[in-house]
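Colleague: Chain residues, written in single-letter form:
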Amino acid sequence: MRGSGEEIAAYLIRVADLLERYGVTLHIADAEGIDLLEDAQGRLSFQLMGALPAAPGMPEAEIAVRERFDPVRPDRFERTEYEYEVLDRERDNRRAFHLHHPEWFQRTYLVVVHEHCERPIGHAACDHYEGSPIRDAFAGVLRLIETWTGPEPECSALRCLA
Amino acid sequence: MAERWYSIKQAAQELGVSHDTIARLVDRGELPAIRVSERIIRIPVPAFDAYASGRKPSPRRVVRRRVDIGVPFGAGERIPEPEHA
Chain A
1 MRGSGEEIAA YLIRVADLLE RYGVTLHIAD AEGIDLLEDA QGRLSFQLMG
51 ALPAAPGMPE AEIAVRERFD PVRPDRFERT EYEYEVLDRE RDNRRAFHLH
101 HPEWFQRTYL VVVHEHCERP IGHAACDHYE GSPIRDAFAG VLRLIETWTG
151 PEPECSALRC LA
Chain B
1001 MAERWYSIKQ AAQELGVSHD TIARLVDRGE LPAIRVSERI IRIPVPAFDA
1051 YASGRKPSPR RVVRRRVDIG VPFGAGERIP EPEHA
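Chains A and B supply the protein sequences, listed in that same order. For the first sequence, the numbering used here begins at 1 and goes up steadily by one. For the second sequence, the numbering used here begins at 1001 and goes up steadily by one.
One thing to keep in mind: the hints can contain errors.
[Stated by the list, open to error] Okay, the calculated bits of chain B under chain A, using three or more residues with CB under 8 Å as the criterion: (1) 1002-1009; (2) 1012-1026; (3) 1063-1076.
[Claimed, not checked] In silico lysine to aspartate or glutamate, DMTMM-like type, Cα no more than 20 Å apart, as pairs: (4) B:Lys-1056 <-> A:Glu-32; (5) B:Lys-1009 <-> A:Glu-32; (6) B:Lys-1056 <-> A:Asp-17.
[Unchecked claim] Partial pick of chain A residues on the chain B-facing surface, computed with a CB cut under 8 Å: (7) Arg-2; (8) Glu-7; (9) Ala-9; (10) Ile-34; (11) Leu-36; (12) Asp-39; (13) Phe-46; (14) Gln-47; (15) Arg-68; (16) Asp-92; (17) His-100; (18) Ile-121; (19) Gly-122; (20) Ala-125; (21) Asp-127; (22) Glu-146.
In short, the hints are calculated from the structure, not lab data. Every residue gets a Cβ at the ideal spot worked out from N, C-alpha and C, and that includes glycine.
The following block holds chain A by itself, in its conformation from the complex (with noise of 0.2 Å):
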């Protein structure tokens, strides 16, 4: 994903529209303006967050989603960072679709992306499981909600890259 700082902002609530056909309660008031930041870098980042729906008394599904883009030249911008995670507390597990530090991950596992999965939520049989690039945040999304509607995830069953 890559495109100008207008095309981002556009890209941006193109995600926010995306969540919430899918049902996502975002965690925006409809008077506030979605947050596009620029750091110090010259950097754009972004942050989604909101919930989905639980069975009475029970506690809602959170979901984030949060990308990172480099400026490559002026007003030109690369997506190379993001992370698309769901907590789900219902059912009490935690998976989550990550590339951040590439160069680290590079460097000690030979990969850029990875994955995390905790089932309970907050026990981790390895810290990062081997995992696919996701191209957008609108297949990030697909992702959480498929994993949000599909059976209890097999951490056991991914591998480990420690």
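Could you slot chain B onto chain A? The hints should help.
Modeller: Using the frame of chain A, we list chain B on its own:
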């Protein structure tokens, strides 16, 4: 635990329409769904409820803000700090 997804048949029953109508809505992307395989489609219940109630995504705008540090990544993970020469 409440049901998390409907099959096309269940969604058709819920809305009182035909199987083909739901399949068309899914194909056109009007009813969000997850294609598990060529033949298996899951319609997440929250997505179905949003569609059935006619609820539309809220109109949003993006506010670009300058900050010292952006969104943190890898929070809570054990990633050693880069070594400086």
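Colleague: List in ascending order the numbers of the hints, as given earlier, that are violated by the structure.
Modeller: Violated hints: 2, 5, 7, 8, 16, 18, 19, 20; rest satisfied.
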